[in-house]
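Undergrad: Assemble the whole structure, with the sequences as input and the hints as a guide.
Position 795 of the sequence shown, counted from 1, bears residue number 795 in this note's numbering, the numbering being contiguous throughout.
These are computed hints drawn from the structure, not numbers from a lab.
Quantities reported herein were computed from a predicted structural model and do not represent experimental measurements.
Each hint should be verified, as a subset may be incorrect.
As the list claims (entries may be wrong) - Using C-beta positions, here's what the derived DEER-type ranges look like:
1) Ser269 to Ala471: 42 to 50 angstroms
2) Gly541 to Tyr579: 15 to 23 angstroms
3) Thr175 to Lys95: 32 to 40 angstroms
4) Leu642 to Gln735: 17 to 25 angstroms
5) Ala623 to Lys95: 37 to 45 angstroms
6) Glu643 to Gly732: 41 to 49 angstroms
7) Asp763 to Asp375: 18 to 26 angstroms
Claimed, not checked - Pairs of lysine-lysine, DSS-like flavour, derived with a Cα cap of 25 angstroms:
8) Lys202 to Lys544
9) Lys225 to Lys206
10) Lys771 to Lys155
11) Lys270 to Lys281
12) Lys7 to Lys47
13) Lys225 to Lys202
14) Lys122 to Lys138
15) Lys448 to Lys475
16) Lys605 to Lys650
17) Lys47 to Lys155
18) Lys718 to Lys544
19) Lys47 to Lys95
20) Lys243 to Lys202
21) Lys650 to Lys594
Think of the CB as a built atom: it goes at the ideal place given N, C-alpha and C, for glycine as much as any other residue.
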Amino acid sequence: MGTEKQKVLLIDGNSIVNRAFYAMPPLTNSSGLHTNAVFGFTTMLLKVLEEEKPTHLLVAFDAGKVTFRHEGYSEYKGGRQKTPPELSEQFPLLKELIGAFSIQQFELPGYEADDIIGTLAKLAEEQGQQAVIVSGDKDMLQLASDDVTVLLTRKGVSEVERYTPEEIASRYGLTPAQIIDLKGLMGDTSDNIPGIPGVGEKTALKLLADYGTVENVLEHQDEIKGKLGENVRGNADSARMSKKLATIFREVPMDWNWDQLEWNGYEASKLEAGLRKLEFKSLIERLDLYAAGAGGAAPEAKAVSYRGVNGADDWSALNEDLKHADLVMIESHGDNPHQSEGIGLAVATPDRIYTLSYEQLLTKEAAKLVEWLADEKAVKTGYDLHRAELVLDRAGVALRGQVFDVQLAAYLLDPTEADPSLAGLLQRHGLSTIASDEAVYGKGARFKLPEREALFAHLAAKADAVRRLSAPLAKELDESGMRTLYYELEQPLSLILAGMEKLGITAKAESLEELGKEFQTGIDSMMTSIHRLAGMEFNIGSTKQLGEVLFDKLGLPSGRKTKTGYSTDAEVLERLAPYHEIVQLILNYRTLTKLQSTYIEGLLKEIRPEDGKIHTYFRQTIAATGRLSSQYPNLQNIPIRLEEGRQIRKAFVPSEEGWSILAADYSQIELRVLAHISGDEGLKEAFHQEMDIHTKTAMDVFGVSADQVDSNMRRQAKAVNFGIVYGISDYGLSQNLNITRKEAGDFIEQYLSAFPGVRRYMDDVKEQARKDGYVSTLLGRRRYLPDIKASNFNIRSFAERTAMNTPIQGTAADIIKFAMVRMDEALKERGLRSRMLLQVHDELVFEVPPEELETMKELVPAIMAKAFPLDVPLKADVNVGINWYEAK
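TA: This is the structure in structure tokens:
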């Protein structure tokens, strides 16, 4: 053995494959075998091999359900669901593939994978070598040491977090050994380890900060006050047993030596055969294994043939072929499309690709090409055509005739797609992939344009990728029932949004500057008051200094102190507000400074000098619910709950003298959608009779008449109404209403008894999500929920809440998008000069000339009300003013 440290990679097979199964979308091979868990495991393995470069390697598995731990506690892992057959059938496939990687694997009856890994990590330490453990299980953190690093998977298995003893100390304030004590105190529902009832992670961390170990907590149990003390004293044996169950056994009898773990890489032909059997074409492509296959060097991704436009002959050929062209790829650099630099473009007919630089597009030779780009009758497929239209507009070039956008279609098919780039989509569809943009250009500060031929080759590869993806994606849209959603909503909306973004909204710099001065006066005054109440000057923006003032100097009740100091986040400060008047001042100070920096200074930078307007960028392919996102700058985020925030809207005015701003806002659209989806008679009746829905809820929940509903009852009813829409939990509601979790739970129960249709909907949608693996909006927009069957309670609960609220929020988002498409049609049909400027969640903002004001006051709410038929009426409130603030 040399003096250089060797590194063993120890992989927790069961943990990783389980996480992969629930994180990856359903995937089967042509014979119908499920392969998603194996695919997820393999992508994780390749990533870790590349990053860690191990010299020794082992994958450990659990052998059967019964371990030595069951001898002392028969309920160990008793709450676990039976492994679904879709996962259990993948274990033999995975083990075979691990063999194809030439990696050792091991399991031993009576022991878990954790124990095998713990024993081998100890062996590595004794040998003076390094070990890296990969798992999804936090229990493994107890094994971390100077020589042992633990990688915990996140986001399914696509990312890992690296834990060393220093990182564990920084994150939890614990040593690795205390991770066992943490589990002993709080237990673990996934392993059915009981711990001490009523002790969660937060309480357990506080007990360990005070006493260090389970044993020490029990020794000092008489010092612990209140209910917690009772729980500790009544469950001492449970805590001791839980700690024992959570302790990884590091003396597994193994007839292995260090050299047997040695890994010298895989044999290309063996691995290619293993991946081919599973039909993982994208991985064969990624590892460049085609040449190793039985058929020799054949089907590797060949360079795409193209014609670079260099001279007069090339221009002549391109101009001649434009009548057959139906695909365009516009390449640009920069996040904000309103400021992006064009790089180049590819134009393609069904059998030929032309490439040219962006500079060439701006020459007189490109006249016919510019004409073709602007021709609405020349239909075009592409990737992110919305962005392409904005980039071309900067150069004075129009883009029309967009009929199919691969990025938009892929988003609809799976809005949570991890890598929606062309390279990622090809891989996801098992097609030979292409070089990523990062590989060709570099990233961030390293961005650099390659030589002309390399650029042209990449443009051609991307155009070819669009061609290869467009047919299967269009077919998938048909098969999944999203054809209408794509062709009648998202694609037309893409063009409308680009039109709104190019138009922009006028913002008066002087109004923002004036408001900024007012904010600054308020900030200065508050700073003086805060320093006076503190009895000293300090930096209010410094968490460390603020913590010292509040907790050390003023003696306010603090949370646990960590290495980095006290927490002073908003949640902590709101809890402290009743104790001292300085706290509310600090909260107000933070609000004003955020408004000043983000919205006054931030928006001033975004006003274009040439037109005095702000041009935002509406993203259609970001939010999993289907909502639009606004960026560069975000105009949907101006905090209007605060009067100071609302004042910012005064700066947004019509672009023409004498015109008005008209804002139309859907009234309680999500609750109306809930009434329709749930079919609940009580909710439907309230909307049909135009009752105040929160008052109606309070009446039914508290069993009182309308005149007996006081403001507090209505506030509670409102919280539970919106809680249902956004995914209710007793904890969340208890925080909102400042009541106990039990009271919140009882309140939710009363609500669901009063509105049985809602309870039925919540049960049905969770069941449907478990069966199908996804939920849909009324228009068929899907959201996949791989965690709906997760064994971890918290992960599963989040997926269940998502299952309940996505159809409601998503349908509301679809409806306002339909309203925008119908409004655009109506403005054109009637020849109106009024313009749609913004969409802010449930609100549409227009600028309107005086002679159209009465027409628009009737037209906008009428179209919004008819955007999509529900069993209850849709209603939009309309307001008009000289600026956006006045139109409230």
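Undergrad: So, for every hint listed, does it hold in this structure?
TA: Status of the hints after comparison with the structure:
1. Ser269 to Ala471: 42 to 50 angstroms: Once the Cβ atoms are compared, 33 angstroms apart, the range 42 to 50 angstroms for Ala471 and Ser269 is violated.
2. Gly541 to Tyr579: 15 to 23 angstroms: holds, 22 angstroms
3. Thr175 to Lys95: 32 to 40 angstroms: holds, 36 angstroms
4. Leu642 to Gln735: 17 to 25 angstroms: holds, 20 angstroms
5. Ala623 to Lys95: 37 to 45 angstroms: 39 angstroms Cβ-Cβ, so the 37 to 45 angstroms window holds.
6. Glu643 to Gly732: 41 to 49 angstroms: The hinted range 41 to 49 angstroms is violated for Glu643 and Gly732, with Cβ atoms some 26 angstroms apart.
7. Asp763 to Asp375: 18 to 26 angstroms: Since Asp763 and Asp375 have Cβ atoms about 53 angstroms apart, the given range 18 to 26 angstroms is violated.
8. Lys202 to Lys544: holds, 21 angstroms
9. Lys225 to Lys206: holds, 13 angstroms
10. Lys771 to Lys155: Holds. Lys771 to Lys155 sits at ~22 angstroms (cutoff 25 angstroms).
11. Lys270 to Lys281: holds, 15 angstroms
12. Lys7 to Lys47: Roughly 16 angstroms between the alpha carbons, so the hint for Lys7 and Lys47 holds.
13. Lys225 to Lys202: holds, 16 angstroms
14. Lys122 to Lys138: Distance ~18 angstroms between Lys122 and Lys138 Cα, so the pair holds.
15. Lys448 to Lys475: Violated, at roughly 37 angstroms.
16. Lys605 to Lys650: The hint holds at about 17 angstroms.
17. Lys47 to Lys155: holds, 14 angstroms
18. Lys718 to Lys544: Violated, at roughly 38 angstroms.
19. Lys47 to Lys95: holds, 18 angstroms
20. Lys243 to Lys202: holds, 17 angstroms
21. Lys650 to Lys594: Holds, because 18 angstroms separates the two Cα atoms, which is no more than 25 angstroms.
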